[in-house]
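Q: Chains as they are written, first to last, in my numbering: chain A, 1 to 473; chain B, 474 to 946; chain C, 947 to 1419.
Since the hints were made in silico from the structure, they are not lab data.
In this text, all values refer to a predicted model and were calculated from it rather than measured experimentally.
Do not take every clue at face value.
Covered, in the sense of this in silico footprint (three residues per stretch, anywhere, with C-beta under 8 Å from a C-beta of chain C), are these stretches of chain A [what the hints assert, rightly or not]:
hint : stretch
1    : 13-19
2    : 56-66
3    : 334-340
4    : 358-369
5    : 373-387
C-beta atoms are modelled at their ideal positions from N, C-alpha and C, and glycine is treated no differently.
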Amino acid sequence: MTQDLTLNPDRFFSPDPARRTLARALYQSVKDLPIISPHGHTDPAWFADNANFSNATDLLLVPDHYVLRMLYSQGIPLDALAVARKDGGPAADPREAWRRFAEHYYLFRGTPSRIWLDHVFGEVFGLEVRLSTDTADLYYDTITEALQTDAYKPRAILDRFNVAFLATTEGALDPLTHHAKIMADGWGERVVTTFRPDDVIDASRPDFAGNIARLGEITGEDTTSWRGYLAALRDRRAFFKAHGATASDHGHPTPLTANLSDSEAADLFEACLSGKADDARQELFRAQMLTEMARMSLEDGLVMQLHPGSVRNHNRTLHEAFGTDKGADIPQRVSYVDSLKPLLDVVGNDPRFQLILFTLDESNYARELAPLAGHYPCLRLGPPWWFHDSPEGMLRFRRQVTETAGFYNTAGFNDDTRALLSIPARHDLARRMDARFLSDLVMEHRLAEDEAFDLMTELAVKLVRKAYKLPMD
Amino acid sequence: MTQDLTLNPDRFFSPDPARRTLARALYQSVKDLPIISPHGHTDPAWFADNANFSNATDLLLVPDHYVLRMLYSQGIPLDALAVARKDGGPAADPREAWRRFAEHYYLFRGTPSRIWLDHVFGEVFGLEVRLSTDTADLYYDTITEALQTDAYKPRAILDRFNVAFLATTEGALDPLTHHAKIMADGWGERVVTTFRPDDVIDASRPDFAGNIARLGEITGEDTTSWRGYLAALRDRRAFFKAHGATASDHGHPTPLTANLSDSEAADLFEACLSGKADDARQELFRAQMLTEMARMSLEDGLVMQLHPGSVRNHNRTLHEAFGTDKGADIPQRVSYVDSLKPLLDVVGNDPRFQLILFTLDESNYARELAPLAGHYPCLRLGPPWWFHDSPEGMLRFRRQVTETAGFYNTAGFNDDTRALLSIPARHDLARRMDARFLSDLVMEHRLAEDEAFDLMTELAVKLVRKAYKLPMD
Amino acid sequence: MTQDLTLNPDRFFSPDPARRTLARALYQSVKDLPIISPHGHTDPAWFADNANFSNATDLLLVPDHYVLRMLYSQGIPLDALAVARKDGGPAADPREAWRRFAEHYYLFRGTPSRIWLDHVFGEVFGLEVRLSTDTADLYYDTITEALQTDAYKPRAILDRFNVAFLATTEGALDPLTHHAKIMADGWGERVVTTFRPDDVIDASRPDFAGNIARLGEITGEDTTSWRGYLAALRDRRAFFKAHGATASDHGHPTPLTANLSDSEAADLFEACLSGKADDARQELFRAQMLTEMARMSLEDGLVMQLHPGSVRNHNRTLHEAFGTDKGADIPQRVSYVDSLKPLLDVVGNDPRFQLILFTLDESNYARELAPLAGHYPCLRLGPPWWFHDSPEGMLRFRRQVTETAGFYNTAGFNDDTRALLSIPARHDLARRMDARFLSDLVMEHRLAEDEAFDLMTELAVKLVRKAYKLPMD
């Protein structure tokens, strides 16, 4: 039986009439404001080349680790979902994979993936029935055909979605050729890069030594020495900044930072480079490098982002067969109060420094993150991240963070996605949930109505511009 | 002054009229479905012998560690509650103990014990006034008299409660004579055992070496050798399976698992058996044995349950005087992401394996458990356990788990109780809270109404049948 | 533009009409009951000397670390807020500082500081417009002028606020001259001290050895010996008790306790006193001293309070420039189940002992604290502390604690403040949030209405009197 797909205009608001009416008004006041997307993982080649996407499966299913993980958790092999094996083994064809997905769409009930996907299906492709076994082919054909048209080319999509600013994320060794093309085409103020140097900082990676050598070649610095290595990083930061970057980003297993002496750090670098450092020393090196990056940030003004606490590639078998980003990353417990202290001792009170913190361990919201951000002038809290980028996750964030850190120590919303078409869905959800939260505060007489409207704009566009040092209009 | 005891038909639903109306309809759709109770601690002798229970105190007060702990916390000695001392010292007589309980019934305000007990008093015994000092004797007499009748014999109670399936839990050395009797009487598809081998796995127990020797006698295997010990365990698993078991259960202090080589494991077993293993080595042995049990599960198909994180018998004085299970077990912080990895590396992707995880540390719900269950095909999340088997606990579980793991990676409800009469109260509460949660999702346009009704049946009976490999009807 | 300042009579209640009506009735039943403030940090000199306060800034801004931290987090230097530098450097004058505060008052949107301050502004000073740049001088003048009148002298304020009992907190070496004066003036049953011996227990303090020497001088005991040191502490406890103390208070980094033998403890004391103890040994000494204090409590009956888990003076630069209590204390993760066991093994079942536990790590509420307090007769849970003394924090506390510990193992409300004028605001908020929580329980049929009214009085005045051993009327 085919069911209607409807996106209720009051979705995600409280159903209580008084709360809903105010939430609706708050949402209306920002819903047409441009989208600012300062952190994400879309492919810059899309915006450089502006070519059409191929089909529904390759665009919406294969790259979405949220979707893959849920289907895999219910016993569906990744190759049946058209995910390529590393050994080149056969995978399902796109239409077959899509049918498999459609057949199991009920698994996403109650998840944000369902919210985002229904938004894409309804708003972006005009579909009016729910995805199911019966409608799988209708979906596949409708979407795939639309993708062949000019209206669905990447730049047209940014226009249609009113995306005023979009940052992608590239490794330190990336030549940024796509971003050079984007700049040459006059899109350079709208689509920029972000400096993500994990590949030349994380000595536990098998390719670390090779990456450091390549870093030397690219920059002309002697990266076999600590001093040359730092100079090379400075050089790359400048190169990224010249390609629009306003921020660096760091994805470490923990938020540990360190403040070693220069000679200690040089020795540690040498041990890491020669492969003699054990796990603990590699962790210390990552820790030290966060402080080094913070120091460089004082000079070049790049805002620093820290995304710690994900245990990557937890499923060894799956990782060996299919590679990274297939939904097998699992959060672990972390702490910030002790981990960040070495870095904060160095730069915590410097007005030039800005550090945006993220977490997958929500027990830190009220205990450590809000108190830290509610004190240190350099700290801002990023929005609920990854598994917590959801209605309940957003409510937990606001409820646990606001009373200690206020609103002004938060950094607006990030979509953090490689799923291009879901960008408006995610920002729309965030705006709705903020409207709901503010409406509740007003209805409980914890905030005046004029203040709620003022905050709505801050949360939608102003705070993110401030946090990432973007032009205010 | 005597107060009415009323069980409002809309209890535990949101009082908001629109939410309540839908919650009521959802609840109505499942309230008469049979009770499936795949994990609990009722006494199989009850169902084998089908004898009458003695009196209100012995049935409802003395075995209920939730009730004992609360009364003890307010200074009431356990012997005043008719709990027997290990040294045979005098305890209060049942009626006196009941009066003491009644006098302090106000202590349970706001607790699930109050919810369960009022349900038992009102629904099972037809009492219409609240328990208090004034009504203590009325209660004691009404309940005790009813218990002497045929209608309150154990098997009649299962019929009356519409319990279609009930699993008890027995140690590895148990002869299962009660279950043999149950099978002989034709109740073997309805009341089964569960294999709980902690007594022959946990080397920190004073009786460990004796238990291993006994294990050898029972099975005819040489349990002084690692190989013989494993063979003996395989033998017992088969014996339990022949008595209806579909699952094993493991109550470890932590969820640690290990994947030692065979010779390392053999050495560790020898050290444990000879009493030379220190705490850390005993912990490692428990860890290794979880992986061994998982391996055996691939062969015999028993579903594995893991209940970690309780520090047992925290109150030394009380434990010495009164023994175990008197309300002095306290949860501790645990983590799963690292602890489970060794086991998951071995069997995590094997379609024959199924592991149901429980926790007392709710900080793991959104951080580790939902991401793990939302990825690994072998994992399912058990319902909120013990201290969290309550209205708020159930809401926290659904709110923190659903967005990442969905509904289909959860395993329905367990009552996990030795309090026979509270079984329908607990399942009724779970069904009401699920109805409430689903109603909220629908009213907030996060789920369609037809999907909510479909999910209601899944949560009430279908998911539990799938998770525990029970017949689907 | 100037906005009205209004304190809605239904503030903080649920806006749902049915819930709100009952919450209002519950609140009305206790709103005029006296304030019992058993734990706080007001200055006893105020009540001894009964002198007028100077001006708005010195009373309301400079001592409020909640306010300072938020302003500092947004880049406002503390000297611009009239906070004195330790080196005597210049600070802003009071009116300038007040203007700075007013200009940034929007930062407090959504925080409890805003709730408390608006209550003080509206209820205590009769202000009818919101604090802002435009109204800064009106505020400063209105408040400062009022403070010069008799009606705003400290004792008049206690009368006006209906404060029946107020405990201050003094270090073990304090001569308690202010409290002697308070007693001499006949206020000794209303304003008392609390024994806070951190200064002579925490061997990590630079002044520890000096404090121990001074302790010897004051008491005439030989505090170079373990035995003499304990005797001196006993002596000081008696001295504090003679000045009205009913409780001791302990502010340790962690809740660790220990139970060393007498000779081990004596050796440890010697190591600490001679400066030879490392961090871990100093921590062990604090741990042992909690158990020693508990033992002394059996003799003298002082209730013990434990406030663990704050990392003090996290911002080194700020601490060096401005000293302690400037908003740079950050909570850290702690655990209770293992930490408290040594102490509980000694005194946990003794009816003479009472320990009130606080936490900044809310992950312990449902996991460890409610189970511990719901079992051990000596334990009570203090109210949500510091960062959690807020609407959301209070709801989290009740929702996570009540189902396991009930209401009767909690200890009523503490304002824990040095902000004298905010005392009624804080108690009013707590009473409103309790009314809201109880109203919800009734509306969801989890509690009868008569019980909710009974509990309202318990939560407002009775439980706190019992927990701190105060006269019941």
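Q: Using C-beta distances, would you say chain C covers the stretch 373-387 of chain A, given that this needs three or more residues below 8 Å?
A: holds (count 6)
Q: Are 3 or more residues of the stretch 56-66 of chain A near chain C, judged by a Cβ distance of less than 8 Å?
A: Since three or more residues must qualify, the claim that chain C covers the stretch 56-66 of chain A is violated, with 0 doing so at under 8 Å.
Q: Checking C-beta pairs, does the stretch 358-369 of chain A have three or more residues closer than 8 Å to chain C?
A: It holds: at least three residues are needed, and the stretch 358-369 of chain A offers 4 whose Cβ sits within less than 8 Å of chain C.
Q: How about the stretch 334-340 of chain A: do at least three of its residues have a C-beta closer than 8 Å to a C-beta of chain C?
A: It holds, with 3 qualifying residues against the three required.
Q: Given that the stretch 13-19 of chain A was listed as covered by chain C, double-check it with a C-beta distance under 8 Å for 3 or more residues.
A: Since 3 is at least three, the answer is holds.
In this structure, only the earlier hint numbered 2 is contradicted, and the remaining ones agree with it.
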